[in-house]
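J.: Protein chains in written order, with our numbering: chain L, 1 to 512; chain C, 1 to 112.
Treat the hints with caution; some may be incorrect.
[Claimed, not checked] Straight-line alpha carbon distances no greater than 20 Å define the calculated EDC-like cross-link-like pairs of lysine to aspartate or glutamate that follow: (1) LYS98/C x GLU156/L; (2) LYS165/L x ASP103/C; (3) LYS98/C x ASP158/L; (4) LYS157/L x ASP103/C; (5) LYS165/L x GLU106/C; (6) LYS504/L x GLU333/L; (7) LYS108/C x GLU156/L; (8) LYS108/C x ASP158/L.
[Stated by the list, open to error] For the chain L half of the interface with chain C, some residues (derived, Cβ under 8 Å), not all of them: (9) GLU141; (10) GLU161; (11) VAL168; (12) PHE484.
[Said to hold, decoys possible] To give an idea of the interface, some chain L residues facing chain C are shown, with a C-beta separation under 7 Å as derived from the structure: (13) TYR148; (14) VAL155; (15) LYS157; (16) ASP158; (17) GLN167; (18) LEU178; (19) TRP186.
Don't read these hints as lab results, they were simulated from the structure.
The beta-carbon is built from N, C-alpha and C at its ideal position, and this holds for glycine as well.
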Amino acid sequence: MNPLIPLFIVIPLAGAFLIMILGRFIRNFHKYIASLILLFLLIISFYSLFTTGSSVSVYKVGGWEAVNKIPIGIYMVIDGFTAIVLCIINLIGFLSVFYSISYISRYTSENYFYALFCLMIAGMNGVVLSGDIFNIFVFLEISAISSYALVAFGVEKDQLEATFKYQVLGGIASFLILFGIAFIYWEAKTLNIADIRNVFSAGYNRNYYLLIEILLLSGFGLKAAIIPFHAWLPDAHSSAPSPISAMLSGVLIKAVGIYVIIRLFFNMFAISEGMAVLITTLGTLSMVIGVFLAIGQWDIKRLLAYHSISQMGYVILSVGIGMILISRGVRTEIAALAISGGIFHLINHAAFKGLLFLNAGAIEYSIGTRNLQEMGGLAKSMPATSATSLVASLSISGIPPFNGFFSKLIIIVAAIMARFYLLALLAVIVSIITLASFMKFQRYAFFNKSDGENKMKIKEVPFPMLFSMIVLGIICLLLSILIFPGIREMILTPAADILMDPSKYSSQITGI
Amino acid sequence: MIPYLLCFILFLVGLYGVITRRNLVKIAISLSIMEFSTFLFFALIGYIDGGVAPIVDAADPIKTYVDPLPQALVLTAIVIGLATTAMLMAVIIRIYRKYGTFDIREIKNLRG
Numbered sequence: 001m002n003p004l005i006p007l008f009i010v011i012p013l014a015g016a017f018l019i020m021i022l023g024r025f026i027r028n029f030h031k032y033i034a035s036l037i038l039l040f041l042l043i044i045s046f047y048s049l050f051t052t053g054s055s056v057s058v059y060k061v062g063g064w065e066a067v068n069k070i071p072i073g074i075y076m077v078i079d080g081f082t083a084i085v086l087c088i089i090n091l092i093g094f095l096s097v098f099y100s101i102s103y104i105s106r107y108t109s110e111n112y113f114y115a116l117f118c119l120m121i122a123g124m125n126g127v128v129l130s131g132d133i134f135n136i137f138v139f140l141e142i143s144a145i146s147s148y149a150l151v152a153f154g155v156e157k158d159q160l161e162a163t164f165k166y167q168v169l170g171g172i173a174s175f176l177i178l179f180g181i182a183f184i185y186w187e188a189k190t191l192n193i194a195d196i197r198n199v200f201s202a203g204y205n206r207n208y209y210l211l212i213e214i215l216l217l218s219g220f221g222l223k224a225a226i227i228p229f230h231a232w233l234p235d236a237h238s239s240a241p242s243p244i245s246a247m248l249s250g251v252l253i254k255a256v257g258i259y260v261i262i263r264l265f266f267n268m269f270a271i272s273e274g275m276a277v278l279i280t281t282l283g284t285l286s287m288v289i290g291v292f293l294a295i296g297q298w299d300i301k302r303l304l305a306y307h308s309i310s311q312m313g314y315v316i317l318s319v320g321i322g323m324i325l326i327s328r329g330v331r332t333e334i335a336a337l338a339i340s341g342g343i344f345h346l347i348n349h350a351a352f353k354g355l356l357f358l359n360a361g362a363i364e365y366s367i368g369t370r371n372l373q374e375m376g377g378l379a380k381s382m383p384a385t386s387a388t389s390l391v392a393s394l395s396i397s398g399i400p401p402f403n404g405f406f407s408k409l410i411i412i413v414a415a416i417m418a419r420f421y422l423l424a425l426l427a428v429i430v431s432i433i434t435l436a437s438f439m440k441f442q443r444y445a446f447f448n449k450s451d452g453e454n455k456m457k458i459k460e461v462p463f464p465m466l467f468s469m470i471v472l473g474i475i476c477l478l479l480s481i482l483i484f485p486g487i488r489e490m491i492l493t494p495a496a497d498i499l500m501d502p503s504k505y506s507s508q509i510t511g512i
Numbered sequence: 001m002i003p004y005l006l007c008f009i010l011f012l013v014g015l016y017g018v019i020t021r022r023n024l025v026k027i028a029i030s031l032s033i034m035e036f037s038t039f040l041f042f043a044l045i046g047y048i049d050g051g052v053a054p055i056v057d058a059a060d061p062i063k064t065y066v067d068p069l070p071q072a073l074v075l076t077a078i079v080i081g082l083a084t085t086a087m088l089m090a091v092i093i094r095i096y097r098k099y100g101t102f103d104i105r106e107i108k109n110l111r112g
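Just chain C, with the same shape it has in the complex:
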C-alpha cells in the first residue's frame, strides 16, 4: 500500500508546486512531477510481487507474469508527455522574449 500512497503524495507535491510557484519554469517542472507520479502509479498497477516478464514459457506454464499492458500504456503516455513538455517550454521561451521575465506576477495582460 505504501508505494501507492507515495505516488499520491508525489502528485500532491506537484500540484502544490503548480499552485504556489511564481516562476514559469518551476511551474513546468511541477507539472512534470505530477505527470511522472501518474506514470509511476500506472506502472505499479501492473506489477505483481514475484512476477516475471510476460514471455510465455511452454515448459513452465504456471509462472506468475506481470501485467504488460500498463507498461505499454505508460510508454505511450510518456511520449505524449514529452510532446506537451516540449510545447510548454517553447511557449515559456517565447513568453520570456516578449515580457523579459519568468515571473508570473508580471504576466497579467488578460483580466476579467
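Same shape as in the complex, but just chain L:
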C-alpha cells in the first residue's frame, strides 16, 4: 500500500484554503506556497511512478474494509497508468505555477488565482486517483468549477463569453455523466469500478449497457473535446490566461476526459467491437477536422487550441485501434503496442502543448498581441522563447529526434501492423499539415521582418517564465528516451498491461 495516496488531494486542498486565509496578510505568501505545494506534489508523483511499477495499490478512505469481498468504502487506486497521468498533472502544474509568478503579476487579486489553481490540481489528482465512479464525478466538478473561474480570470468580454459557453456545455456534460452513473447504479448496485466490472462480467445485457456507454462517452467526450463536442475548447483555451491555457490544453482535457474514457472503457465495460469502432471513428474525425480548423487561424492561442483537438485525436485513434484488436481477440501484442503508443503521445502532448501555450503567453506578455499578422522578427529580441517554441513546434509536427516523432511513429506502425492502412495514411497526412501550420507560426512570429519601429522595446521575458519554458523544452527532448527498450518496460508497459488485462485490475482491488 502506498501511504502517499491521500496527500495528492489533501495537500492542494489545504493549500487553497491557506492561500485564501493567509494570502491577505502575508505579502507574496501565495506565490511561494503554491510553488512549494506543486513542487512537493511533483516529487511524490515521481516517487509513486518509480515505486508503483506493475503493482496496484489501494487506499481505503476512512479504513472501511470490504465486506464479503464487496467494497463499501471509497477507494483510491494507484497503478501504472494513474502514476503516469499524476506525473503529467503535477509536472505541468508546477511549471505553470512557477511561470505565473511573473505572468499573473499583471492581474489583480493574485491570491485568488493561486487558490483556484490549487483547487484545480486537487480536482484533477482526485479524478485520476479515484477508484469509484461517483467520486470521479465529484472531483471532476471541483476541477471544472475552478477552471470555469480561471478561464474568466481576466473578466474582459472575451473571457466572459468563453467561460459562459464552457459552463453551459460543461454543465450538460456533467448531467450526462450523472445520468450514466445513475443507470450503472440501478443495474449494478455498486459504484466501485472494479466491483462494477465483476458484476458486469457475471451477466451482461448488451442493449442496456450500450445506453450507459453512449451516455458516458458523450459526457466525457464533451469534457475531452472530441470532435462533435469540441465547440467550447478553442474559445475557452484561447481566452484563459496563458499558464491556465497550458493547464487546460496540456492536462485538464486529458485527466478528466481521455483518462476517464480509457479507464472506463478498458477496465469497467467489457470491450465490444461496435463501441471500439465508434471510438476509433471519433478519434479519426478529431484528428483530421481539428487540423483543418487549425490551419486557417491567425490567433496563436486559437491555433494551438485547435491543434489540441487534433493531437487528442491521435491518442483516441490509437487507443481505439487497441480496443478493436482486443474485442476481436486477435494479435493482442499489436493492441498493446497501439495502447502504449497512445499513452506515450498523451505524455508528449502534455509537454509540447504546455510549452507552446507558455510560449504564446510569453509573446503576448512582451508585445501585447496574439495576432500572428502583427508579429515578426521576434527571433532576435526573444531568443529563448524562439528556441523553445521551435523545439515544441518540431516536436508536435513529428520531426526526429523530438518526442512527438517517436509516439506518432509507434501509432502509425501499430495502425499498419493492424492492417488499418487508411488510418495510418491519414495520421501521416495530418502530421504533415501540422508541420505546415507550425511553419506558418514560426515564420510569422519569429522570422518575418518586422516594421522595426518599436523593435527596441521588445525584451525577453523575466526569469520564472524563461525557466519554465526551458525546462519544458529539455523535457520535450528527454521524453524521447521513453522509447528505448529498458525504459519503456519500466514506464509504458505497466500502464498498457493494466488496461489490457481488466481482470487483473478488478481482482487486485476487490481481492477475488
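Take the given structure of chain L and dock chain C to it, following the hints.
T.: Below, chain C without anything else, positioned relative to chain L:
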C-alpha cells in the same frame, strides 16, 4: 415506469430550453431544470414501493428498506449543482455589466 419517463421528458425540456432560449438567465434556468431531472431520476432509483427509512430495527428484521445511497449521492450532487449555478449567475451578471444585454445574439466576439 411512468415516473422515469417523466424524468426523461423533464431532461429534454431543459435541453430544449438551453438550445432555443436567447436570454442568458433563461439558459441558466433551463440548465437547472436538466440538473434537477437528473437528481429526480437518481432519487427514484433508490425508492422501493412500501419501503421505510433505512433505520435497522432489530425487532422486525424483514422490513423493506429504501436504498439510502442514492439519497446521499443526490445530496452531494445538489451541493455541487449549487456551486455551478452560483458560478454561472456570477458570470451572467459580469456579462451584463460588460455588454449591457442578456441577449445571446449580441454576445458574439469569438468566432471561427
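J.: Now tell me, hint by hint, if it's right for this structure.
T.: Results of checking the hints against the structure:
1. Using a Cα cut-off of 20 Å, the hinted pair LYS98/C and GLU156/L holds, with the two alpha carbons roughly 8 Å apart.
2. Note on LYS165/L and ASP103/C: the hinted pairing holds, with a Cα-Cα distance of about 14 Å set against a maximum of 20 Å.
3. Distance hint between LYS98/C and ASP158/L is fulfilled; the C-alpha atoms sit about 10 Å from each other, no more than 20 Å.
4. Using a Cα cut-off of 20 Å, the hinted pair LYS157/L and ASP103/C holds, with the two alpha carbons roughly 14 Å apart.
5. For the hint linking LYS165/L to GLU106/C, the alpha-carbon distance of about 14 Å falls within 20 Å, and the restraint holds.
6. With a C-alpha separation of about 17 Å, the suggested pairing of LYS504/L with GLU333/L holds against the 20 Å cut-off.
7. Among the hinted pairs, LYS108/C with GLU156/L is consistent with the structure: their alpha-carbon atoms are about 13 Å apart, no more than 20 Å.
8. For the proposed pair LYS108/C and ASP158/L, the alpha carbon gap of about 9 Å is at most 20 Å, so the pair holds.
9. Among the interface hints, the one on GLU141/L holds; its C-beta lies about 5 Å from the nearest C-beta in chain C, closer than the 8 Å criterion.
10. Look at GLU161/L: its Cβ gets to within about 5 Å of chain C, closer than 8 Å, so that hint holds up.
11. Hint on VAL168/L holds. Least Cβ distance to chain C is approximately 6 Å, under the 8 Å limit.
12. Proximity of PHE484/L to chain C is violated relative to the hint, the smallest CB-CB distance being about 42 Å (cut-off 8 Å).
13. The closest approach between the C-beta of TYR148/L and any C-beta of chain C is roughly 6 Å, which is under the 7 Å cut-off, so the hint is satisfied.
14. For VAL155/L, the suggested interface contact is upheld, since its CB lies about 6 Å from the closest CB of chain C, less than 7 Å.
15. Because the closest C-beta pair between LYS157/L and chain C is about 5 Å apart, less than 7 Å, the hint holds.
16. At its closest, the beta carbon of ASP158/L sits 5 Å from a beta carbon of chain C; the interface hint therefore holds under the 7 Å criterion.
17. Because the smallest distance between the Cβ of GLN167/L and any Cβ of chain C comes to about 5 Å, under 7 Å, the interface hint for this residue holds.
18. Taken as an interface hint, LEU178/L checks out: its beta carbon lies about 5 Å from the nearest beta carbon of chain C, inside 7 Å.
19. Because the smallest distance between the Cβ of TRP186/L and any Cβ of chain C comes to about 5 Å, under 7 Å, the interface hint for this residue holds.
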